[in-house]
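Everything in the sequence shown is counted per full-length UniProt numbering, starting at 1 for the first residue and increasing by one.
Everything labelled a hint here was simulated from the structure, so no lab data went into it.
Please note that a few of the clues may not be correct.
Said to hold, decoys possible - Cross-link-like lysine-lysine pairs, in silico, DSSO-like; alpha carbons within 27 Å at most:
(1) 78 x 181
(2) 118 x 297
(3) 60 x 139
(4) 78 x 29
(5) 12 x 33
(6) 29 x 111
(7) 60 x 262
(8) 305 x 33
(9) 78 x 322
(10) 29 x 43
(11) 3 x 43
(12) 29 x 5
(13) 226 x 105
(14) 181 x 337
(15) 118 x 85
(16) 262 x 337
(17) 297 x 262
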Amino acid sequence: MSKVKLKDIADKAGVSLMTVSRVMNNEPKVGAKTRQRIEALAKELNYSPNVAARQLSSSKSYFIGIVCEHVNANYVSKFLVGALKQCRTNGYHIVIDETAGEIGKALSIVKELIHETKVDGMILLPPLTDIPEVLALLKEVNIPFVRIAPDIDLLASAYVCMDDYQAAYDITEHLVKSGHKRIAHIIGNENQGVSRLRYQGYLDALRSHRLLSPPEYIEQGDFTYKSGLVAAEKLLSLTELPDAIFASNDEMAAAAMSVAHKNRLDIPEQISVVGFDDTELASTVWPRISTIRQPLKDMAILAIKLLTEPENSLTNNPSVVKRHILPYQVCLRESSK
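Could you put the whole structure together from the sequences, leaning on the hints where they help?
Dropping the structure here:
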């Protein structure tokens with residue numbers, strides 16, 4: 001079967017080749033109804049854009065850079081699924097790199113994506129979202145960028161997030177209403193704003209029900225399974241054991257369940273465990289983890305749209321700041337009462 005060309009779409013849509021080209025290149029000057037009709041035909045005909053050819057006929061590279069701390073994190077993996085899906089739809093490709101937590105490496109990667117790969121836009125995942133040196137560099141070169149769940153300089157760029165505070169409040173309140181009174185918490189990475197928001201939501205939910213949160217029930221983690229093991233070992237060696245643990249992500253929650261199993265504690269009869277994010281891990285361990293479903297795929301899709309679709313204005317007017325808060329869902333499973 002021969003490859004579908006722009007002319008095939010133009011003939012079927014009854015429009016000029018230039019109009020189809022403008023739609024495929026995400027350029028303005030095409031009416032909304034015409035654009036929708038052409039996009040629907042392109043999908044129906046299974047049109048696959050030739051990125052190399054588009055680069056030759058345009059000032060764009062059709063590459064979007066994504067920078068994260070660790071590519072293999074469950075959070076990042078789920079985010080990438082949404083980003084890849086939307087890039088494929090919009091005719092873009094992703095270039096992703098990881099910093100391993102080093103500011104110097106982060107700056108080097110961002111510079112390479114800008115000057116060598118010549119990306120059309122960039123997405124920063126936590127904690128890269130809050131590194132002043134990285135933000136200063138992106139502002140200096142005036143490249144469009146979108147941040148995921150930032151905590152500082154909120155006017156610096158468009159950003160996509162969810163209400164981490166309220167979600168943490170809700171899942172802690174679920175534990176309280178289920179009869180738990182000794183609820184411990186494993187805090188996430190101290191360099192990420194969402195950790196503070198989730199911790200505050202946990203504290204406020206307890207206080208609203210007149211429950212105490214003694215210092216020994218609070219342990220610092222860093223969103224890794226290993227840190228969850230260390231924190232849970234401390235919590236489950238206390239004289240008065242907590243009857244529930246709220247871990248700030250699913251990996252630490254899974255680690256806490258592992259320690260509970262080792263200590264022969266029944267989940268959830270003797271101790272409930274809840275997490276956050278609803279990554280694949282949450283439904284592959286047993287018991288399955290009660291958690292907050294963070295809309296990671298939707299956040300990625302929206303971030304790509306903000307960088308690639310002309311109607312969002314971001315690529316044509318980087319000064320436009322848009323704040324997007326997406327809804328979350330409390331997912332109750334077998335790890336909690």
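Could you tell me which of the hints above the structure violates, numbers in ascending order? 1, 4, 6, 7 and 17
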